Structure formats: C-alpha cells, structure tokens
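K.L.:
Listed below, chain by chain, are the residues.
Number of protein chains: 2
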Amino acid sequence: MREIKVKASREYNIYITSGNTNFSSILERNKIKKCFIITDENVYNLHKEFLNSIKDNIIGIKVIKPGEDSKNPEVVFSIYKDLIEKGVNKKTTILAFGGGVVGDISGFVASTYMRGINLAHIPTTLLSQCDSSIGGKTGFNYGNLKNIIGTFYQPLFVYIDVNFVKTLNEKEYKNGLAEIIKYGFVCNEGLFSYIEENKKGIEEREVDKLLHIVWESARIKGDIVEKDELDSEIRHVLNFGHTVGHAIESATDFRISHGEAVAMGMNIESYIAVKQDLLEERYYDRLIKLIRYFGLPLIPEGIDSNKLIDLMKKDKKNVTNNIKFVLPNKIGHAIITTEIKQGLISQRIGEALRRQLW
Amino acid sequence: MREIKVKASREYNIYITSGNTNFSSILERNKIKKCFIITDENVYNLHKEFLNSIKDNIIGIKVIKPGEDSKNPEVVFSIYKDLIEKGVNKKTTILAFGGGVVGDISGFVASTYMRGINLAHIPTTLLSQCDSSIGGKTGFNYGNLKNIIGTFYQPLFVYIDVNFVKTLNEKEYKNGLAEIIKYGFVCNEGLFSYIEENKKGIEEREVDKLLHIVWESARIKGDIVEKDELDSEIRHVLNFGHTVGHAIESATDFRISHGEAVAMGMNIESYIAVKQDLLEERYYDRLIKLIRYFGLPLIPEGIDSNKLIDLMKKDKKNVTNNIKFVLPNKIGHAIITTEIKQGLISQRIGEALRRQLW
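Protein sequence lines correspond, in order, to chains A and B. Read left to right, the first sequence gives residues 1 to 358 (this note's numbering). Read left to right, the second sequence gives residues 1001 to 1358 (this note's numbering).
Isolated chain A, as found in the complex (with noise of 0.2 angstroms):
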C-alpha cells in the first residue's frame, strides 16, 4: 500500500493498494468504529464481501440508484431521513462506497448534517479513483444544472483499491480514462507519455500500469487542490475539457457521460487552442490520437454551437459575463482565459462540431 498525503485544510491520507490490505485496519488507524455505508446497487451487488469485512462495525447502508439521476434533493433528503432513523451523530463516519455520484452525494450529506461529520472515500470507478474522491468537492443537481448546490468538504481520508476497477464495464472505464488523459495533457508530460507509451496495458487493465496512472493522477490533483481548496484560480486548470464538456452533458440532459463529454470537450477546446496559435498542431493531433484509441468521442452529435455556448455562459466558474477557458498551450501546460470573444468561440465551436476526425 502506498500513501499521497494532502495537506488541505484538513490534512488527510490517500491509500492506493491493489487488494492485499485489510480495510478493517484502515479503520482502527483513523480510529473509526461506527459507520454509515452510502453506496449504489452496483457497487453493493458486486461488492459484499468488502462490506461484510467491516460489519461490525455499520450501523446502517444506504443503497441508491446508480447513476447521474441520483444526484437529485430527493435521494438527499432520504439519506438525511436514514441518518436521523439509525441514530448517526457526530460519532460516526459516512463511508462513501462507490463512483462519483456517491461520492458527491455522500459528501453533501456528510458535510452539511448535523453541520458536518466525519466522512471517508473508498472510490471504486477510475474517474472516482483518479478524479472526483479527492479534493473534497461535493453536490448534486437542480433546475438542470450540474452541481449547482454543493460545499467543499475534506474527508478523513480516501482508500483506492484499483481492483475494484476490473469490474467496471467498457464505458465506465472509458470515463476515468478521459480524466487520467487530461491530467497528461495540462498537467503533466510525464503521464501523457506513459498513457501513449503503455495504451494497450491500461486497456487491458493491468494491475501495475492502474496503479500508476491512479497513483499519478491523485497526486496532481493532490498538489493542486493544497494549492487552491476553494476552486478559485489555479485548480481551474483542472476544468480542462468540462468548459464545453459540461454544456454537452446539460444539452444532453446527462444522457452523455462524464468521460465521453470531457474527451469531446478537450477536442473542441484543444482546437480552440490550435487556432489561437497557442497549441502546435501536432500536440494536438497527439490528443486526438489517444482519444479514439481508447473508443472515446470527439464531437457530439445533434447540437449546435449556439446551444452550448448558452449552456456554457451559466458554469459557476464565470465571474464576469466572458466564458472561462482552460487552454493547454503544450503537453502538460495550458493558460486559463477569458479573453476570446463570444463571437470568435461561437465560430471555433461550430468548426470544430463541423470537422472530419473519423
């Protein structure tokens, strides 16, 4: 087992092991006794047997809906609910068993009953692994809009075990390599390369080449989140590809996953960039290279630019009335803009919905 310590405003430990550690002992070391279990009926079906090496120590498992429509007022008033019904207080732990959505759920929950309690990630998808368990964002939707009610919020800590990976299916893997791609683009060479270097490893989901990319990947976003927990200028960075990627989810109504709007979105905005005469092309033909290997999509269908850029006026990381752009100027760097007009990225967009990259 390996360790990434984050010293955000709490200071926490990611555990990444690939199933040769007893999670009973994590629990006595952050002296945890009671928990509470937030989990989906995936996860809860395929993964029992992990939920039984703790029994003793549950006081109560909640199971959701797997799946973006759970992030809804609804499914958190009804954890609330269960809460109060099993006597949770500031005493016990939320465990949140699962992807992102269980986590993000499973956060606000935490964070906001009883004006917070302790809380835990063990995240068992790669784009949880690699992305959405560590940083301590939290939320769920409203009035069609992604995340719109939300708190940041650290957890006690976060346990990876990459094997609960292998059970994914084609396209929930996909997703966490979408994001694991990203982080090697803007963020890191190093990792970009590895991912090209080692493709058809990762494809097939062996255990070392997980391990490092899950590795690398948490400890950027380990690094940046130390540097900037409330999201206001440097971990922007991070939103490479979701300025357009979440305007395609919300024009789809979510229907598009995380991972394939993120690929979609880091086509249109690294184009943007080409044209900006920030990128050089063959970076991004190297992008775009790596994308179709791994099945991913690169233009949505059935929408138009104007659509998306009405979609993408609303994203909270808008402080003026120009959009925010993370644009990558070569592997492992990118700038972060609001400068380009609204006309110009309106018809950056539409050329790109209108190229030929199959």
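Don't read these hints as lab results, they were simulated from the structure. Only a predicted model underlies this, so the values are computations on that prediction, with no experimental measurement involved. Ideal placement from N, C-alpha and C gives every residue a C-beta, glycine not left out. Every clue listed holds true.
Short, incomplete list of chain B residues facing chain A, as computed with Cβ under 7 angstroms:
{"#": "1", "residue": "I1084"}
{"#": "2", "residue": "T1112"}
{"#": "3", "residue": "Y1142"}
{"#": "4", "residue": "G1143"}
Since the structure of chain A is already known, use the hints to place chain B on it.
P.N.:
Same frame as chain A, now just chain B:
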C-alpha cells in the same frame, strides 16, 4: 460606528452603529456591487427605506414568511430557484436582512449555492444582533429536529444597527435579552452586573444601553468563535440554557420562542448546578431575579422531565450517550460536563419543574 474584528477561518468585521451610517459606504468598502436580499415580510414592510438606499445594488429580493416554520427544505429550495432565475453567481453577495431565521437560512443557502458565494448579515432583532449573526452557524429544521441540517460559514461582514431593535415587539425583544443574560451569566460578570444596574434603561431600549449590551455580547461571541469556530469544545459554553431549552422548543413544536426556552433552560440548568454544589444559591437567585424582571418565563407548562430527557439525548453536541450540560459555577464562569447520571438529571428536572418560583 464601532468595529469588532473576528479572526475566524475568514477574517471579518462586525460594524455596530445606531443609525448614523451610510450603508452604501459599507458595501463599497467591502467591494460589493451586486446583492441578492433575503428577508421576511415584517422586516421588508418595516424597513423599505433601508433597502431603497442600496436599490442600485440589488438584483433580486426574496421575502419569506416570518418565523421558525420557514426554516424548512421547501423554503431553502425556493430560494435556490430564485437565485438561479436571477442569474446569481460568485460575484453576487447574499444580504441576510432580518432575524435569526433569515440569517440561518440565508447562511445555509449562501454556503451551498455554487459551493459557496459571499454572504453578509444585517441582523434586525436583538437576538440575531448579539448572537446568531455572529459565528457562522447556518441551518434549518428537518424531521422535527432543530438545525439538523446546516453548515459553518463565515460572512464577509456583519452590520448591526441597534435602531432596528426599536421596531421589535415585546416578545421578540425579550428573546434577545435572554441570550444577553446568558452571556453575562456564564462568560462575563461585568456584563451581568451592567444588565442588573441598567435594567430599566435596557427595558426601555435606550440607545446607549443597546449599544453597550450588543457590543459586549458581540465581542464575547466573536472571541469564543475565534477560539473554537467549529464548536468542538470551548464554544459549547454558549450552550448554557440550550440543552434544556432546545428540548423545550422541540417538545412544544417550536411554539415557545427561542428566548423563552433559553430562559427556562437557564433556570433548570442553574438549578442542577446548585444541587450539584457547583453554584451558590445567591448567584442563582440573581439570575432568577433578572429573568423575572424582564418578564421571561422560568418553567414550561405541561411538559414532563422524561420527554425532555429523551429529546436532550438527540442533541447534536452529544458524542456519547450521556447528556452534555453547561453548568455555571459562579457568575461569568461555567464548566462543561457529561458526568451527571441520567436518573439524577431526571430527578433534578422534575424538582425544578415543580418549584414555585412565581
């Protein structure tokens, strides 16, 4: 205008004035351009001219029904809806203009909308000026449990104009006095003596008396919040009168006002302190005399001690099965204990409830 600086996780000012300050200049000083107002019907009707004085800064006003009943999920979500409709974003500041209910809900909404936008408090009741607007506690009720959902969230500033207090009805005014008596009795002998010596002027809401008691209370509260923002131990001292008080509020479905419940709680908890040989009876007598002078109640009618105990066990501050009490040991001092056996608590509350104090 006087100022108190509170050095919490965010450093902010409490401005205290008696009507001779231009509120626009406070907005300017804090670089606030756009505001969204949350207020209640009473405050809105009484203080339209105040809102008029900053009308160019206001992008939306939400007027809720006055009273504790508004602290529910439906009201919270109706505010989120308005914020979305008015295009509120991270450049907007929510101004909580009203009493404790408005402050608690506004704080919760500000802390969770877009993972936190700016908030400033303009408390209009004595209770909110001296207590609830300071310290960052937010929340609403759910499942008949008071403030079971909430956050800690510090404002940009708190603006207190003691003149607002003059429009309160008797009952609301007394609600605030109960908390100020509490500050004196467990935190500051000087304040307690001041109230005793100036009770007539306080009763008649003389401006210099108001400025003094609000200033002292705000200072005491600010000090304690600096030492224990997240309410883990030191801040519990402010819970004097509230262990029993909250239970009385719950037992009566919040029909008894907070200040009345706290007054009764202070009586019962001090009685326990006397019986535990912690507090001399002469101090207890001074407390009772003051509570009675201001026409606050000492004993709840028609509630038995067992019901109160059951409700006290659900208090958020309990981390064991024992009930946590703040017991005064002389004027200006108190201890915090979980050592009193439940049978004894029940007996003492029973005795206190049967006492003839009128």
